[in-house]
Amino acid sequence: MAEVHTFRHHAMATYFEVRVVHEERGYAAQLAQAAFDLVDGLESQLSRFRTNSEVARMASLGPGETMRLSEPVYACLEIADRMERATGGAFSATPVAVRVQLARWTLLRQESAIRCDGGVLQMDLGAIGKGFALDRVAELLRTWDCGAFLVVAGGSSIVAGEPPPGAAGWTCGVGEGEARRELGLTRAALSGSGLAVKGNHIVDPRTGQAALRQERAWAVADSGAESDALSTSCIVLGDAEIEEVLVKEASWGVFLEGGEGVRMLGRRLPPVA
Amino acid sequence: MVKSFLKRFLNRRDFINASAVAGAGLLLNSCKSGTTPGATAAKPSSQNMLHVALIGYGEEGKVLLESMLNIPDIKVVALCDIWEYHRGEGLRYLSKLGNEVRGYENYEELLAKEKDLQAVVIATPDFTHAPMTNACLKAGLDVYCEKMMSNTIEGARSMVQTMRSTGKLLQIGHQRRSNPRYLFTRNRLLGEAKFCGRLTAAQGQWNRAVKEDFGWPKKYEMPQALLTQYGYKDMHQFRNWRWYKGLGGGPLSDLGAHQIDIFNWWMGTPSSVMASGGLDYYKNHDWYDNAMVIYEYPLATGMARAFYQVQTTTSAGGGYYETFSGDDGTIKMSEDPSVCAIYREARATGVSWDDLTEKGYVHLKQPTTDAVKVDVRETAQLAEYDIPVFFNKPPHQPHLENFFSAVRGTGKLNCPADEAFTSEYVIHKANEAIAAKKKIDITPEEVKA
Chain A
6 MAEVHTFRHH
16 AMATYFEVRV
26 VHEERGYAAQ
36 LAQAAFDLVD
46 GLESQLSRFR
56 TNSEVARMAS
66 LGPGETMRLS
76 EPVYACLEIA
86 DRMERATGGA
96 FSATPVAVRV
106 QLARWTLLRQ
116 ESAIRCDGGV
126 LQMDLGAIGK
136 GFALDRVAEL
146 LRTWDCGAFL
156 VVAGGSSIVA
166 GEPPPGAAGW
176 TCGVGEGEAR
186 RELGLTRAAL
196 SGSGLAVKGN
206 HIVDPRTGQA
216 ALRQERAWAV
226 ADSGAESDAL
236 STSCIVLGDA
246 EIEEVLVKEA
256 SWGVFLEGGE
266 GVRMLGRRLP
276 PVA
Chain B
216 MVKSFLKRFL
226 NRRDFINASA
236 VAGAGLLLNS
246 CKSGTTPGAT
256 AAKPSSQNML
266 HVALIGYGEE
276 GKVLLESMLN
286 IPDIKVVALC
296 DIWEYHRGEG
306 LRYLSKLGNE
316 VRGYENYEEL
326 LAKEKDLQAV
336 VIATPDFTHA
346 PMTNACLKAG
356 LDVYCEKMMS
366 NTIEGARSMV
376 QTMRSTGKLL
386 QIGHQRRSNP
396 RYLFTRNRLL
406 GEAKFCGRLT
416 AAQGQWNRAV
426 KEDFGWPKKY
436 EMPQALLTQY
446 GYKDMHQFRN
456 WRWYKGLGGG
466 PLSDLGAHQI
476 DIFNWWMGTP
486 SSVMASGGLD
496 YYKNHDWYDN
506 AMVIYEYPLA
516 TGMARAFYQV
526 QTTTSAGGGY
536 YETFSGDDGT
546 IKMSEDPSVC
556 AIYREARATG
566 VSWDDLTEKG
576 YVHLKQPTTD
586 AVKVDVRETA
596 QLAEYDIPVF
606 FNKPPHQPHL
616 ENFFSAVRGT
626 GKLNCPADEA
636 FTSEYVIHKA
646 NEAIAAKKKI
656 DITPEEVKA
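Read top to bottom, the protein sequences are chains A and B. Counting from 6, one number per residue, gives the positions in the first sequence under the working numbering. Counting from 216, one number per residue, gives the positions in the second sequence under the working numbering.
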C-alpha cells in the first residue's frame, strides 16, 4: 500500500524536505537522494556564497562582458527577470547592494548567456532560488512516476503535486492563532515571507529602503519560483500595488496577515483543508 | 555595510587587474579569461573548430559538457551513453542550445560512423576506460579520459602504451593540474619562494556524509540483456559501479585519486604505502567505505609523510582539501577557494610577507575597519594573507582548455597519461595495502608505465 515517506536534507542554509507517496520506501529513499543531489547541484550554481558558483562569478563581469550560463541558472534568471517586470521592480535578482551601482544586465537567449550592461552584477537569488529548486525537484519526482508529493524548503516554500491517498490536498497552514487558515494544496506552490524570523532583512529594490510591511505575506502560484518572488515582493508592496500586480496574472493569489485575520487578494483561492 | 561590501568586492576586481603588473602577472593574466568581453561565452569560428565526441553522460559527463560549452571553437558533434535516459537528456539539452548532435548507445558504432572527429572526451565507469581509450587512440583521435585511468594497473599501463604507439594525445582528468591556483601555488609559493621551508608532512581528505545508493526511474530501467552486454550484473550495479570490484576502485579511487595525485605532483613518487580501511558500514557494496593511508615521500631535503583519509559515513573535517606543511609554513589547498589558506611559522625568516606581497605571491586580506577611525578595543589579530589567484571559470574548464590547446598543437598536456600513471599506480597500491594489511614498498622503476 502506498504510504507517505518523508526525508530531510540540509541545503541553501535551511532544510529541504521531500514527502512522497510510494509503495516502496527504498525507491522513495533513492528518489529523495536524487532530489537532494539535484538541490545540492543547484546550490553550487546559484549561491552567491559559493566563490566559484555561476552567480558569484557573474560579479566579476565588467560592462559589455558576457558569460555563458548553464541551463538551470539561465532558466532561474529568466524567471527572475520576468518577476521583476511583473512586480514593477518590487522583486529583484539584484537588490539594493547593486541598485546603488545601477546594475543592468541582459539575458542572451541565443547564446544562453548573460551580458553585464553596467554596474556590478551582484546577484542575490535567495528570494527565488529555493522555490526554483523545488520546481526542479517536482519535475524529477514526476519523471520517477511519483506524482503525489509535497516538497518543502525551510518551511517558507512549498510545492505540492497530487494529494496523498484519501485526501483532497496537502494541508498547509498560513497564519497563527485564531487567524490561522489551513489550505488543501494540490498542483500548486505556496511561499511565505515575513520579518519575524530573520528580522528586517528585506529591502525594497525600488528605493533601497527597508520593507515597511510588518505582517507576513503568502503567495500561491503554479511554480515555487513565482510564489517565492511574489511573496517577497508583497512585503515591500502596498495593498493597492499588490492588487495591480495580481490583476495581470490569474494563477496568482496572495494572503496578507492583518489585524482582522488573513486577507485574500487575487483570483486564485486554494481550497480550505 | 553595503558600502563596505562593495568596497571589498571592487577591491577584488581591481586587484585582479592591478596584479597583472606585479610579479605574478604572466600567470594571472592567463587566469582572468572572464575579464575580457565575451571571453566566457563560446563563440565559434568555423576555421579553427574542433569536432568532439562525448562518451558518457552521467554526472561527470554533464560537468565536462558544461565546461566544453564555454570553450570557443569546440563543437560536440556526437554523444554516447548506453543508458537511453541519460543519452536522451543530453541530446535534448544540446538540441535546446541549438546544437543537433548524433546520439549513440555504443562507442564502437560512434567510432565507425563519425568520420570528422578530432577528439573524444570519456566520462564512463573506470573499467571501460582502457578499452574505449585504446580504441579511440587507435582510431586516430586525441583523448581526454576521466580518472581513474582504469580499474586495474594493467589497463592503465595499456593506455600509456597505446598513447605512445599511436602518437596521439591522452590527457587524464586530474583537473587540478590545470587549475591556476594550484599551478601558481606549486610553482611560485612552494617551488620558487620555498614558502613551506623543508617539506615534512602532507595531509589530505575527502569526507562525505552517508548517502543512499543511486537509484533510477523504474520506467527507464535498462533491459537485463543490455546490462549484461555492457558488463553489469544489474541496474543497481550499473548505477553504483564505483562501489564494485571489477568496475571501479571504491572511494580511494573515486575521491582519493584527486588528492593523492596532488601529493605526487608536488612531492614526486612515494617509496612506500601503508593503509587501513574496510567495508564496515554499508552492507551491499564490495569496496571499502573508509580508508586511511600513509605514503612516505623521500624528498631531496629528507623524508616527508603524507596522510590521506576518505570517509563515506561522515562529512566532518571540512570536506575536501590538501595541506602541505614544512618547518617554515603550511599551505592548505582545495578546489574550493574559500578553503585555501597559508600559514607561516613564527620561526620563518627566510622570506618576509612584505617580500612575498611585493612579488604578488600573497595578498594581504583587507581590514574591514573604517579608515578614518581608530578605536581602542580588543587585541588585534595578526594580519591574514591569501593566495592571489582568482579565475572566473568552472573547475574543469582549464584542464579541458589545456587538452584542446594541445590538440591544436599550441600547448603541452598538463596531465599526460604517462605522468598520471604514477598516481594511478600508488592509488591501486593503497587498496592493495589495505587488503594485505601491511606496508608495501614502491620503487621508482615500477611506477613507470
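Please keep in mind that the hints were generated in silico from the structure rather than gathered at the bench. The structure presented is a predicted model; accordingly, all values stated were derived computationally and were not measured. We put the beta carbon where it would ideally sit given N, CA and C, even for glycine. Don't take every hint at face value.
Unchecked claim - Which residues of chain A face chain B? A few of them, derived with a C-beta cut under 10 Å, are:
1) V9
2) Q35
3) T212
What the hints assert, rightly or not - FRET-style restraints, in silico, Cβ to Cβ:
4) B/T528 with A/L113: 50 to 56 Å
5) A/E181 with B/T443: 17 to 23 Å
6) B/K353 with A/E167: 20 to 26 Å
7) B/E323 with A/G171: 51 to 57 Å
8) A/A172 with B/A416: 32 to 38 Å
9) B/D331 with A/L113: 25 to 31 Å
10) A/E22 with B/E511: 45 to 51 Å
11) A/A215 with B/K460: 56 to 62 Å
12) B/L579 with A/E248: 38 to 44 Å
13) B/T528 with A/A173: 38 to 44 Å
14) A/E76 with B/K353: 33 to 39 Å
15) A/V9 with B/K434: 20 to 26 Å
16) B/M507 with A/A172: 32 to 38 Å
Structure versus earlier hints, numbers of those that do not hold, lowest first: Hints 1, 3, 4, 5, 6, 8, 12, 16 contradicted; others consistent.
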